[in-house]
Structures are given as C-alpha cells and as structure tokens.
Amino acid sequence: MIYAPAIVALVVTLALAMARAFLGPTLFDRALAANAIGTVAMLLLAVLEFLTGRPEYTDLALVYGLLNIVGTIAVLKFFRVGDLGQEGTVEEGESR
Amino acid sequence: MIETGAVAALLALMAAAAVAVVRQRNLFAVVVIGGIYSFLMATALAALDAADVAMTEAAVGAGVSTVLLLGALHLVGSLEVKPSSGAALPLAIVLVAGLLVVYGTYGLPAFSDPQAPIHRHVAPRYLVEGPKETGVPNVVTAVLASYRGFDTLGEVTVVFTAGVGVIALLRRRRRPGGEGRP
Amino acid sequence: MTLAGILAFGLLSLGGVFCVIGAVGLLRMPDFYTRMHAASVIETLGAGLVIAGLIVQAGFTLASAKLVILALLIFFASPTATHALAKVAHESGVEPVARAREGEEAP
Amino acid sequence: MRKVSAAISLFVFWVLLSGHFTPFLLTAGAVSAFAVVVFARRLELVDPEGHPVDFSGSALRYWPWLGVEIVKSAWDVSRLIVDPKLPISPTLVRVKPTQVSAVGRVVYANSITLTPGTVTVVAGREEFLVHAITRAGAESLAAGDMDRRVTRFEGTR
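Chains as they are written, first to last, in this note's numbering: chain A, 1 to 96; chain B, 1 to 182; chain C, 1 to 107; chain D, 1 to 157.
No wet-lab data here; the hints were simulated from the structure.
One should not assume that every hint holds.
As the list claims (entries may be wrong) - Result set (DSBU-like, lysine-lysine): computed pairs, CA atoms no more than 35 Å apart in a straight line:
no., chain 1, residue 1, chain 2, residue 2
1, D, Lys-96, D, Lys-72
2, D, Lys-85, D, Lys-72
3, D, Lys-96, D, Lys-85
4, A, Lys-77, B, Lys-82
5, D, Lys-3, A, Lys-77
6, A, Lys-77, D, Lys-96
7, A, Lys-77, D, Lys-72
Stated by the list, open to error - Quick list of simulated restraints, FRET-style, between CB atoms:
no., chain 1, residue 1, chain 2, residue 2, range
8, B, Leu-75, C, Leu-62, 44 to 52 Å
9, B, Gly-77, D, Glu-126, 46 to 54 Å
10, B, Leu-89, D, Val-31, 55 to 63 Å
Predicted model only: the values in this text are computed from it and were never measured.
Using N, Cα and C, we set each Cβ at its ideal position, and we do this for glycine too.
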C-alpha cells in the first residue's frame, strides 16, 4: 500500500487545519485554514483517485483548486467591500 | 480498507464542522466553515465513486453558495442574534426527520447491488448503445445532453432564471448605500 | 516493489509529513501572519512532493499531464490567495507580533 | 500572434483534459478554443498580462532557481515549526523592487510570497511591505538576489 501513509497524513492535516478554522480567532485565520483545507482536500482527492485506480479523474482535483481560489477571494473581497463600507476600487499604484 | 477509513474520517470531520457551525455566532465564520464542510463532503463523494456529484457539490456547495451567502450577509449583517425560543423543539424535529430518513434507507437496495431496479431498466441500454448512438464517451454527459436534452434545457433555464433573480435581489440594495458603482 | 514504486512511496510519504508539519505550524504559531508562513509550507513543499509522487506513479500518461497542470495551478494561484489574505488582514488592522526579540517568547 | 498562441494553448489544454481523439470531439474542442479566444478578445482579456507568452524562455531559466529556493526555505520553516522553542523572530521589512513593468513586479511579489517564510503584505509601485518569519529571512531578502534575478527575467524576453 504505497498510498496509505500519505492518506493518513493528509487526513491528520485536515483535522489539524480544521482545529485552526474552529479556533479562529480572526476571520482571516479561518479563511487561511479554509484555503489550506481546500488544498489538502484536493491532494487527498488526487491520491484517493490513484488508490481506486482511476487516475484520469484528476480533473476533479483541478475543479477543487479553482473553486478554492474563488472561495477565498470572494470571502476577502466581500470582507473588504461589504463590511468596511468601501467600494472595492483599486488605487493607483496599488495591487488588486 | 484504507479507503473506508478515509471516508469514515472525512465523515467524522464533517460532523465536527456541523457542530462548529451550530455553535458559532459570527456568520462570516459560519460561511467559511460551511465551505470547508462542502469540500470535505465533495472529497467523500469522490471516494465513494460519485465523480459527477462530487463535482456538483464542490461547485455549488463550496463555490456558488459561499458567494450567495456572502451576498446575503451584506444585506442582513454578520452577527447572529440569540434565538428567542429554546432549542428543544427544533432539535426534536430535526431528530425525528433524521430518523425517518435513516429508516427510509432500509428500503433501498444494497450499495452497488447489480440486481437493483435502477440497473436493470434503461441503464444497460445507455451503457451499451450510448457511445454508438451519441458519439459522446461519457455516459452521464450522453444521458444528460442527448437522451434527456430537452429536460436538461428546461433545467438549465430554471437555474439560469433563479441565478438572474438572485443577482437582481442582491444587487438592489447597493445603490442607495452611497456613491456605489452601477 | 519496483524502483518507481519505491520512489513514489517516498515522495508521497515525505509530502504527507510536510503537510502535517505545516498544519502543526498552523496551530502552534502565535499570530495570523506567522501562521501564513506555516500554511505556505503545505502549499509548496507538501503539495509539490505529493503531486511529484503521483506523477512518478502515473508514468508518462495523460494523468501526469493533468497533475502537472494541477501543480502549475497551485503555484500560480496560492501566492495570489495568500497575498490577498495578508493585504486585507493588514488593511483591517490585524497587528503582527513583529516586535518580538530574539530568543524571547512571542506573546 | 498572441491570439493564435492563446487558442493553441487552450486547445492543448482541452485535449489533455478530454483524452479522446475522435474527429468529432477534436473538432468540438477546436471550435470551443476558438470561441473562447473570440469572446476573450471582445472582453479585452488577451493582453500581455493575461497571456504572457513572451516570457516563456526566461521563465524556463528562472523557475528552476525559484524551485530550489522554495525547497530550501520550506525546509527552514519546517525546522522552525518542529523546534520545541519555536525560535521565530517575525519582522516587517520594506524592499524596493527594481523592475520596470507591472508583470515584473507581480512576478517578484509572487515569488516572495511563494517562498515560505516571506509574504508580500502590500505590493506598491515603489516598494513592497514584506512580512518575514525570521530576521535572517528578511535580511537575505533585503540583500536583493531574488530582485536581481526577476529583473533579469523581465529584461531578457
């Protein structure tokens, strides 16, 4: 079983990162943990697909990766635009 | 064996996430943990051989509903108020409903039973004739886009209308709020 | 086990170890900014080694090509997400513990 | 030229994802790739930032060096994490990017973030605000080796 240690390690990583997501304390800690969980879930998915002998389904992991970014950016963009009461304009010379 | 263990661990983490959602008062945190829950759910579904459902869960659960819930938070504020009544009645209703669903699963055929009714009706025909008749290698795509093309068109219309409606609802409040862009 | 199998096993397990180390850092670090560094261990070395192990296991197939695309996606997108997090956190006034002296316990 | 290369990259990506080589499906892929480029052109997305194909050559020289740097610094950060004393010395440092173009600065800022132990917090036109987990990491960044390499990357198209 060449995948067993990796799967165990990834599940442990998920559990630890979820502890950080529950503890907080700020929203950013939670978003950071969620981002890490997305990455680890993607890796776990890829490994599980190799384990069950369907390596061609790695596209699913790609979809996860894209959604992970979309989710993180959406939370941050909303936090910036919504809660702080500012429009999300980009100042000259600033990064987006 | 290791696969079963991984699925069990994912389900346990999902239960932990559900408890955290209930106990959390900050709705931002609830949305973030909800996204985590969806990612775990999608991974568990993929491990159970349901690739298409996993993709839908990831796209809808972790992607679209996160964005929609954030849009809703924009309208209602981000702190949950204390509930006015106790938790006993809702808990009882949820428990009864959950037990009913569990009871219902006893009427289902065993997991991946080849003699189940769903595998004996039109499924063999789709599997055997599908690639020849439609030229599409993926059976799910062949069924959705070819055999049930009009059905899917109707579904997509409904989903599109719902999406437009949600955007219209969430956009509306923006304008009186200040010098917001159109 | 073949040589490629042993190599894949080693890469996968090592990647798993770095993922766990990153997650431990996520829990141990004292503030948001230092936790970000721990998370980037997961996203670079952890993810990179796991994907490399899978590529060795898959050999020269379509699946490896998809894994390469996956790795590129992670390496392009994860710094963007991390930077966005850091920037918004900085703007909303999350203070880093930047004044901790050498050898002194950070608060 | 840029549109043609974008269409070809999209088509290759499509084929890799599909993995089927029947004439019908290949045609469908080619038509989709073409349609995406046409729509992207109307949205003005096919520009030097969205599809920076001119940098392919220098990227091949820069990425291996960056990969080695990432492994080295990830190893350092891992050692910090497992150390029972947690010997971190978080530092905020300002660095001045010497790149001329926006793409060059983005590459530099992303390289800093991608290397564990340093994260770009604010990426301005004149200077970056970087958070480093150890003072040594901040000092080696301020020495400017990465900055020089990114500027070379940007210069040699």
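Each hint, compared with the structure:
{"no.": "1", "hint": "D:Lys-96 x D:Lys-72", "verdict": "holds, 23 Å"}
{"no.": "2", "hint": "D:Lys-85 x D:Lys-72", "verdict": "holds, 21 Å"}
{"no.": "3", "hint": "D:Lys-96 x D:Lys-85", "verdict": "holds, 33 Å"}
{"no.": "4", "hint": "A:Lys-77 x B:Lys-82", "verdict": "holds, 28 Å"}
{"no.": "5", "hint": "D:Lys-3 x A:Lys-77", "verdict": "holds, 30 Å"}
{"no.": "6", "hint": "A:Lys-77 x D:Lys-96", "verdict": "holds, 27 Å"}
{"no.": "7", "hint": "A:Lys-77 x D:Lys-72", "verdict": "holds, 33 Å"}
{"no.": "8", "hint": "B:Leu-75 x C:Leu-62: 44 to 52 Å", "verdict": "holds, 46 Å"}
{"no.": "9", "hint": "B:Gly-77 x D:Glu-126: 46 to 54 Å", "verdict": "violated, 38 Å"}
{"no.": "10", "hint": "B:Leu-89 x D:Val-31: 55 to 63 Å", "verdict": "holds, 57 Å"}
Of the numbered hints given earlier, the model fails hint 9 alone.
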